[in-house]
Structures are given as C-alpha cells and as structure tokens.
Amino acid sequence: MKIVGIVSLVFVALKLTISVLKGFWTTFLGYKLGFGIEWKAGDNVWAVVTGATDGIGLQYAKQMAQKAYNLVIISRNEDKLMATQKSLLNDYKDCKQDLYGSQMNETYFNVNMFSYLKLIEIVLPKMVDRKRGIVINISSQTAITPVPLMTTYAATKAFIRFLSDGLSVEYEGKGVTIQTVMPSMTKTKLLHESNESSVWTVGADEFVSAAIQTVGIESTTYGHWKHKLLSYAVHCVIGLIGQRLVAQMAHKVMKQSRDHFYLMNSSKNK
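The opening residue of the sequence shown carries number -1 in our numbering; numbering runs sequentially from there.
Since the hints were derived computationally from the structure, they do not count as laboratory data. Predicted model, so just to flag it, every value in this text is computed and none were measured. Virtual Cβ for every residue (Gly too), placed ideally from N, Cα, C. Mixed in with the good hints there might be a few duds.
[Unchecked claim] Beta-carbon label-pair distances, calculated as ranges:
hint : residue 1 : residue 2 : range
1    : Val235    : Gly3      : 37 to 47 Å
2    : Val167    : Ile16     : 18 to 28 Å
3    : Leu243    : Lys84     : 46 to 56 Å
4    : Gln64     : Val126    : 21 to 31 Å
5    : Tyr230    : Asn75     : 30 to 40 Å
[What the hints assert, rightly or not] Derived DSS-like pairs (lysine-lysine); straight-line CA-CA distance at most 27 Å:
hint : residue 1 : residue 2
6    : Lys20     : Lys0
7    : Lys65     : Lys30
8    : Lys65     : Lys116
9    : Lys129    : Lys38
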C-alpha cells in the first residue's frame, strides 16, 4: 500500500511539473525563442475576423491591422461595423477592409455553430490551395465542463473547440495553422454589463497580445497566463472530484451570479 501511495505521489508530481513547464514554454519562452508563427502580410493577404466590433474580436482586428494584414471584418450590428471600419482605417491607413453585416448575420449567425462551419468552408480551401493560412477560433473555458444556466452557450463553445481541434489535425502538413483559443473572463462589453470581475479578469487587448504569441506553438491555448493557471486548476478539481460535482458547484455559482445581475439591473431601472 505504501508503494502505491509513493507511486501515485510521484505520478502527480511529474504530471504537475510537465504541466508547469509546458505552460511556461507556450506562454513565455517559445515565442521569445522564435518558435511562433511567421506573420507574412502582403497586398493579397487577408485576415477574417468575426465579432470584430467588441472585445476580443476587435482586439484581434486591431493587432492584425498592426501586422499590416488586410481585413474582412464581420459583425451582427451594421452601425457598429461601419464605425469600427472607420476607426480602423483612421488608425491603419494601409489596411484594406471588407465588411459583412446584416446579410451575413441572417445567413450565418442564426446559430453560432453554423457560422463557424460556413466561414471555415469558405476560407479553408483557398488556404490549402495557397499552402498558407491561419485560422483562429475563439472558444471559451466554459467548453472544459458543463456550465448550468449557460448550458447552450457552453455547448456551442465546446462544439467550436472540438471542431477546431479536429481540423488542426486534419490540415496538419498542408500549410494551414488552426488554433483554438479558450479565454476565461476578459474585460469586454458583456462583462461590463454584468458588473462581474475578479483577479483572473484581463483586458481584451492584453489577452490578445498574449494569445497571438502562441500561434504556431500550441494548437489549443488559454491565451493569457492567468487563464492558463485557472484552467489547470479547473482540470485538477475535475480530476479529483469528477465533472458531475464540478457542474453542480458551477450551477450554484452561476445562480448567484445571475441573481446578482438581476438585482443590479432592477436597481438601475428604479
């Protein structure tokens, strides 16, 4: 029995050490040593950014424009889309842009999953023909485990995660890099409206600056080091007590958060 205990402790310690070293490599060291993707902009090189008017999507659009990529920006709100285009053109004058607004919304954005399938169907064949391309799909840490009271949202993010992870293997060796990004809480409009924040919350610009350095280093990234630590903690808890109990705990937390949100909004409306 003593031997079993020692072996178990060694296994856990080894697994933890590997996770820490991997996290340090993908978050800090790999990019600095030049193991990330080589960004190659040009007149006929385009980046497609969905949800480009707010939060993480907007920051990806800005940082791709900084790298001199031409942009196709997509959003559900046409007015905000036009305002974003104007702002980007003012800040990055050499950046060509194309827009997809309400029409794209009606055909592609009815269901979150279908939009990803359609956009990938459009861009991937062209990337394969050119033997060059990068696809970055935004999932969420809610894809790690079921999240009651956010069930549909978490399920669609899990779909994005597995779709992206599978495609990254299918298209390996074809010149196309496909990455899944799984953020936790970022300072976006959605979080601002819910008045939720914590020590794990990072700004959308800070998150994208960190996440973009992991492209070509890891196929699935949690982006920022804070979010990586949080994800490791979640995986450890799931391993210790099981996914069902974690989901029950998440249910209580989400109910408290929802009740707080309703209370804050009712106070504003008085």
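Evaluation of the provided hints:
1. Val235 with Gly3: 37 to 47 Å: violated (21 Å)
2. Val167 with Ile16: 18 to 28 Å: holds (21 Å)
3. Leu243 with Lys84: 46 to 56 Å: Check passed, 50 Å falls within 46 to 56 Å.
4. Gln64 with Val126: 21 to 31 Å: At 27 Å between Cβs, range holds.
5. Tyr230 with Asn75: 30 to 40 Å: holds (36 Å)
6. Lys20 with Lys0: Violated - the C-alpha atoms of Lys0 and Lys20 are around 30 Å apart, more than 27 Å.
7. Lys65 with Lys30: holds (17 Å)
8. Lys65 with Lys116: holds (26 Å)
9. Lys129 with Lys38: holds (13 Å)
The earlier numbered hints that this structure contradicts are 1, 6.
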